[in-house]
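**Student:** Build out the structure end to end from the sequences listed, making use of the hints.
Those sequence lines, one after another, are chains R and P.
So for the first sequence, numbering that gives the first Met the number 0 puts the first residue at 0; every next one is plus one.
So for the second sequence, numbering that gives the first Met the number 0 puts the first residue at 0; every next one is plus one.
Worth double-checking, as some hints may not be accurate.
[To be verified] Here are the simulated lysine-lysine pairs, PhoX-like style, with alpha carbons at most 25 Å apart:
#, chain 1, residue 1, chain 2, residue 2
1, P, 120, R, 277
2, P, 269, R, 269
3, P, 268, R, 277
4, R, 318, P, 268
5, R, 286, P, 277
[To be verified] Each pair of labels, with its calculated beta carbon distance range:
#, chain 1, residue 1, chain 2, residue 2, range
6, R, 171, P, 342, 28 to 38 Å
7, P, 240, R, 171, 23 to 33 Å
8, P, 393, R, 171, 44 to 54 Å
9, P, 83, R, 81, 56 to 66 Å
10, R, 319, P, 334, 31 to 41 Å
11, P, 385, R, 268, 35 to 45 Å
12, P, 339, R, 59, 48 to 58 Å
13, R, 0, P, 218, 29 to 39 Å
Since the hints were made in silico from the structure, they are not lab data.
No residue lacks a Cβ here, since even glycine has one placed at the ideal position from N, Cα and C.
Number of protein chains: 2
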Amino acid sequence: MKTIKVGLIGFGTIGSGVIKVLAERRSWLKEKSGLDIELALVCDKDLKARRPVKVGKGLLTKDVGKILYNPEINIVVELIGGVHPAKDIILEAIRQGKGVVTANKALLAEAGQEIFEIAAKCGVAVGFEASVGGGIPIIRALKDGFVANRLDAIYGIINGTTNFILTKMEDEGLDFKDALRIAQAKGYAEANPALDISGRDSAHKLAILAYLGFGAAAKPDAVYAEGIKDIDRADIQYAGELGYAVKLLAIAKRSGDRLEMRVHPTLLKKDHLIANVKGVYNAIVVKGDLAGEQLFYGEGAGRYPTASAVISDIVDIAKGVAGPVRLGQGRLIKGIADMDKIRSRHYIRLSCADKPGVLKLIAGVLARHRISIASVTQKEKLHGRVVPIVMMTHEALESAVSGAIKEVARLSALKGKVVRIRIED
Amino acid sequence: MKTIKVGLIGFGTIGSGVIKVLAERRSWLKEKSGLDIELALVCDKDLKARRPVKVGKGLLTKDVGKILYNPEINIVVELIGGVHPAKDIILEAIRQGKGVVTANKALLAEAGQEIFEIAAKCGVAVGFEASVGGGIPIIRALKDGFVANRLDAIYGIINGTTNFILTKMEDEGLDFKDALRIAQAKGYAEANPALDISGRDSAHKLAILAYLGFGAAAKPDAVYAEGIKDIDRADIQYAGELGYAVKLLAIAKRSGDRLEMRVHPTLLKKDHLIANVKGVYNAIVVKGDLAGEQLFYGEGAGRYPTASAVISDIVDIAKGVAGPVRLGQGRLIKGIADMDKIRSRHYIRLSCADKPGVLKLIAGVLARHRISIASVTQKEKLHGRVVPIVMMTHEALESAVSGAIKEVARLSALKGKVVRIRIED
Numbered sequence: 000m001k002t003i004k005v006g007l008i009g010f011g012t013i014g015s016g017v018i019k020v021l022a023e024r025r026s027w028l029k030e031k032s033g034l035d036i037e038l039a040l041v042c043d044k045d046l047k048a049r050r051p052v053k054v055g056k057g058l059l060t061k062d063v064g065k066i067l068y069n070p071e072i073n074i075v076v077e078l079i080g081g082v083h084p085a086k087d088i089i090l091e092a093i094r095q096g097k098g099v100v101t102a103n104k105a106l107l108a109e110a111g112q113e114i115f116e117i118a119a120k121c122g123v124a125v126g127f128e129a130s131v132g133g134g135i136p137i138i139r140a141l142k143d144g145f146v147a148n149r150l151d152a153i154y155g156i157i158n159g160t161t162n163f164i165l166t167k168m169e170d171e172g173l174d175f176k177d178a179l180r181i182a183q184a185k186g187y188a189e190a191n192p193a194l195d196i197s198g199r200d201s202a203h204k205l206a207i208l209a210y211l212g213f214g215a216a217a218k219p220d221a222v223y224a225e226g227i228k229d230i231d232r233a234d235i236q237y238a239g240e241l242g243y244a245v246k247l248l249a250i251a252k253r254s255g256d257r258l259e260m261r262v263h264p265t266l267l268k269k270d271h272l273i274a275n276v277k278g279v280y281n282a283i284v285v286k287g288d289l290a291g292e293q294l295f296y297g298e299g300a301g302r303y304p305t306a307s308a309v310i311s312d313i314v315d316i317a318k319g320v321a322g323p324v325r326l327g328q329g330r331l332i333k334g335i336a337d338m339d340k341i342r343s344r345h346y347i348r349l350s351c352a353d354k355p356g357v358l359k360l361i362a363g364v365l366a367r368h369r370i371s372i373a374s375v376t377q378k379e380k381l382h383g384r385v386v387p388i389v390m391m392t393h394e395a396l397e398s399a400v401s402g403a404i405k406e407v408a409r410l411s412a413l414k415g416k417v418v419r420i421r422i423e424d
Numbered sequence: 000m001k002t003i004k005v006g007l008i009g010f011g012t013i014g015s016g017v018i019k020v021l022a023e024r025r026s027w028l029k030e031k032s033g034l035d036i037e038l039a040l041v042c043d044k045d046l047k048a049r050r051p052v053k054v055g056k057g058l059l060t061k062d063v064g065k066i067l068y069n070p071e072i073n074i075v076v077e078l079i080g081g082v083h084p085a086k087d088i089i090l091e092a093i094r095q096g097k098g099v100v101t102a103n104k105a106l107l108a109e110a111g112q113e114i115f116e117i118a119a120k121c122g123v124a125v126g127f128e129a130s131v132g133g134g135i136p137i138i139r140a141l142k143d144g145f146v147a148n149r150l151d152a153i154y155g156i157i158n159g160t161t162n163f164i165l166t167k168m169e170d171e172g173l174d175f176k177d178a179l180r181i182a183q184a185k186g187y188a189e190a191n192p193a194l195d196i197s198g199r200d201s202a203h204k205l206a207i208l209a210y211l212g213f214g215a216a217a218k219p220d221a222v223y224a225e226g227i228k229d230i231d232r233a234d235i236q237y238a239g240e241l242g243y244a245v246k247l248l249a250i251a252k253r254s255g256d257r258l259e260m261r262v263h264p265t266l267l268k269k270d271h272l273i274a275n276v277k278g279v280y281n282a283i284v285v286k287g288d289l290a291g292e293q294l295f296y297g298e299g300a301g302r303y304p305t306a307s308a309v310i311s312d313i314v315d316i317a318k319g320v321a322g323p324v325r326l327g328q329g330r331l332i333k334g335i336a337d338m339d340k341i342r343s344r345h346y347i348r349l350s351c352a353d354k355p356g357v358l359k360l361i362a363g364v365l366a367r368h369r370i371s372i373a374s375v376t377q378k379e380k381l382h383g384r385v386v387p388i389v390m391m392t393h394e395a396l397e398s399a400v401s402g403a404i405k406e407v408a409r410l411s412a413l414k415g416k417v418v419r420i421r422i423e424d
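**Tutor:** This is the structure:
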């Protein structure tokens with residue numbers, strides 16, 4: 000039986016999971032793969048930290064070169080995250096002819112195309128199933144399962160932290176800040192939660208999915224990202240009364256020869272497949288012209304789900320069945336759609352003074368911007384004389400809604416900021 | 000660029016889809032796979048039928064040998080269905096060193112293990128993504144994505160016809176017979192719908208999933224299968240009032256060293272992930288010890304979803320990345336669990352005479368069989384003096400429930416048959 004030697008860089012949460020499973024399931028993986036997959040070396044800059052799994056001293060090093068330039072090592076697993084020095088490490092591993100497995104969404108969003116092209120030239124494979132959706136085999140599905148399909152859309156909930164927070168707000172009526180604090184206490188949110196709650200993490204993952212699904216090599220900064228920190232529990236309540244849930248959606252959608260790429264809080268009808276995705280779970284919908292609409296759901300992060308994905312990549316590369324990343328749809332997409340030109344329905348919440356004629360003024364502004372109103376609800380007064388008004392619009396141009404909101408916000412009857420949440424039907 | 004020649008056997012609904020897509024997307028698939036996939040020959044016993052796609056006369060044959068013994072053909076696609084002559088055709092193709100792609104669930108359920116073993120010996124791959132769940136990449140997920148996982152359960156809705164019928168009954172209050180008639184008119188159900196509505200089709204697919212997921216080589220006849228023809232719209236209504244939907248579930252669940260394998264109508268809480276799967280859609284849940292609970296959802300049948308899966312297999316085999324089917328969990332499972340020994344909660348509907356003391360008699364029988372009752376609801380009278388009583392039990396042994404129902408049915412106060420539906424929580 001052939002032995003495949005693995006060098007692992009980054010002995011953190013996921014690294015510990017991968018090391019534990021590789022050790023405990025070695026004979027299991029032999030049966031499943033026909034190969035003996037051996038953990039040969041583990042590299043981390045800190046060898047003294049306490050970890051939930053023991054590794055023999057001889058297997059530990061601080062010197063990444065001991066992995067990169069060890070001719071016996073076949074596969075390098077990069078789990079340190081971030082762009083630097085992960086990018087240099089991965090590129091050097093590729094140049095040394097080693098297969099690479101990574102969970103590094105920030106790096107792949109930033110430099111995926113460059114990495115995949117160099118890997119293809121060097122004839123080695125890069126596995127990145129763990130970079131999006133934890134243990135959900137969404138990368139495999141897009142690369143292989145949908146190979147014959149022209150995709151129309153990929154969208155979903157791809158950040159567990161924000162979904163946990165929104166779930167807490169919805170189910171328990173909490174404020175954003177309190178829900179965030181619970182997420183932090185549970186280890187679902189970082190001490191500095193900016194990457195998650197700003198939608199940037201979802202944008203990274205969306206860039207990877209869109210690259211695979213549409214051949215669209217968008218830098219993550221080109222993805223419109225709006226986070227959840229301005230979502231008020233009142234909005235979740237009002238949306239609920241109208242039959243909608245509020246979710247942070249990442250959306251890549253073909254619109255002619257352009258690709259809409261956007262991350263923002265979204266109202267979804269409660270009977271929509273992914274409106275009931277709760278807690279840290281992820282759910283991704285892929286719409287292909289042959290296969291139709293498919294949904295993939297599972298834990299989007301965590302030590303063992305992610306380790307499960309990392310090991311599935313190790314096994315595929317070990318078996319030599321992980322080919323280069325090939326894109327077939329690049330020519331269909333000429334660029335990223337201008338955010339101002341997308342069209343969607345909107346939920347708009349206004350805080351108004353309780354005076355006659357206010358609604359007429361607001362309606363007048365919307366009409367001038369050619370925004371047609373589907374429903375208006377005036378809610379119970381909140382603070383003193385402030386009356387919340389919730390409007391649902393028909394489909395309207397993004398720039399028109401932005402313009403109208405700017406104008407409405409200047410009305411003297413308006414108290415507090417105007418909340419705007421896009422609706423997907 | 001290497002050319003891969005495909006011979007297709009069975010020019011029916013799915014065959015037409017595969018032929019059309021292979022022709023129209025040849026250059027697309029070149030980009031995606033780096034290979035030129037050419038449809039070399041199509042075999043069918045009827046060459047005169049009208050079909051939605053044209054094939055040049057030179058590409059058509061009635062002689063299957065022209066495909067099997069053509070040394071230029073690399074991959075044989077079998078789409079005729081049924082065990083004979085499909086089995087002999089597939090085995091001969093394998094012996095001739097050709098890769099095989101099939102959507103034949105009946106054959107794989109019956110003889111999958113034999114076919115996979117011979118294929119492994121001959122060093123050729125067998126692709127069967129299309130055999131379960133239409134275009135949903137569930138086979139890939141189980142073979143590759145979950146490779147490191149010990150599975151706890153695979154369950155779901157894997158027959159679109161019955162789910163369509165149950166959905167019509169639930170949403171429109173139709174009788175089974177009327178809903179079936181609509182399914183037939185829409186082409187979702189065959190003129191003879193027995194295979195679908197008896198649960199046997201689901202049992203075939205479950206046998207395939209359980210083989211991959213648990214290494215359990217169960218003949219489809221060893222899978223307990225109970226269909227939907229005895230489901231009354233009253234049961235769907237009563238279940239709904241209790242917060243449940245009725246779905247035909249296929250369940251493979253590890254119970255110690257035994258595997259429960261069963262197909263039957265099942266009550267699922269309405270907020271369960273798959274309780275809202277409507278129409279001809281399929282949804283499969285896989286529970287792994289590392290990856291956690293994952294859900295795969297999509298169109299479970301149809302020309303193009305199935306063609307999408309067939310072509311994904313053709314591409315994988317063409318690229319040489321489709322390895323043999325390897326099982327790692329066979330040793331964990333010592334056999335199929337005895338149906339009498341499974342434990343579950345039950346919904347039981349009794350039609351009783353409207354006389355005092357009946358409930359006491361029934362409760363006495365259940366108590367003697369050690370079945371504990373969670374709730375009892377007496378419904379409005381249905382026909383004349385018949386009163387429906389709906390009981391929800393706590394978890395109870397299958398054989399105890401069977402025994403109790405047999406005894407209750409003999410009570411003189413009982414009118415009409417006792418309906419029993421298992422509950423999964």
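**Student:** Run every hint past the structure and note whether it holds.
**Tutor:** Hints and how they fare:
no. : hint                        : in the structure
1   : 120(P) x 277(R)             : 46 Å, violated
2   : 269(P) x 269(R)             : 13 Å, holds
3   : 268(P) x 277(R)             : 16 Å, holds
4   : 318(R) x 268(P)             : 42 Å, violated
5   : 286(R) x 277(P)             : 17 Å, holds
6   : 171(R) x 342(P): 28 to 38 Å : 33 Å, holds
7   : 240(P) x 171(R): 23 to 33 Å : 27 Å, holds
8   : 393(P) x 171(R): 44 to 54 Å : 29 Å, violated
9   : 83(P) x 81(R): 56 to 66 Å   : 59 Å, holds
10  : 319(R) x 334(P): 31 to 41 Å : 35 Å, holds
11  : 385(P) x 268(R): 35 to 45 Å : 40 Å, holds
12  : 339(P) x 59(R): 48 to 58 Å  : 54 Å, holds
13  : 0(R) x 218(P): 29 to 39 Å   : 32 Å, holds
Figure legend: structure checked against the earlier numbered hints; hints not met, in rising order: 1, 4 and 8.
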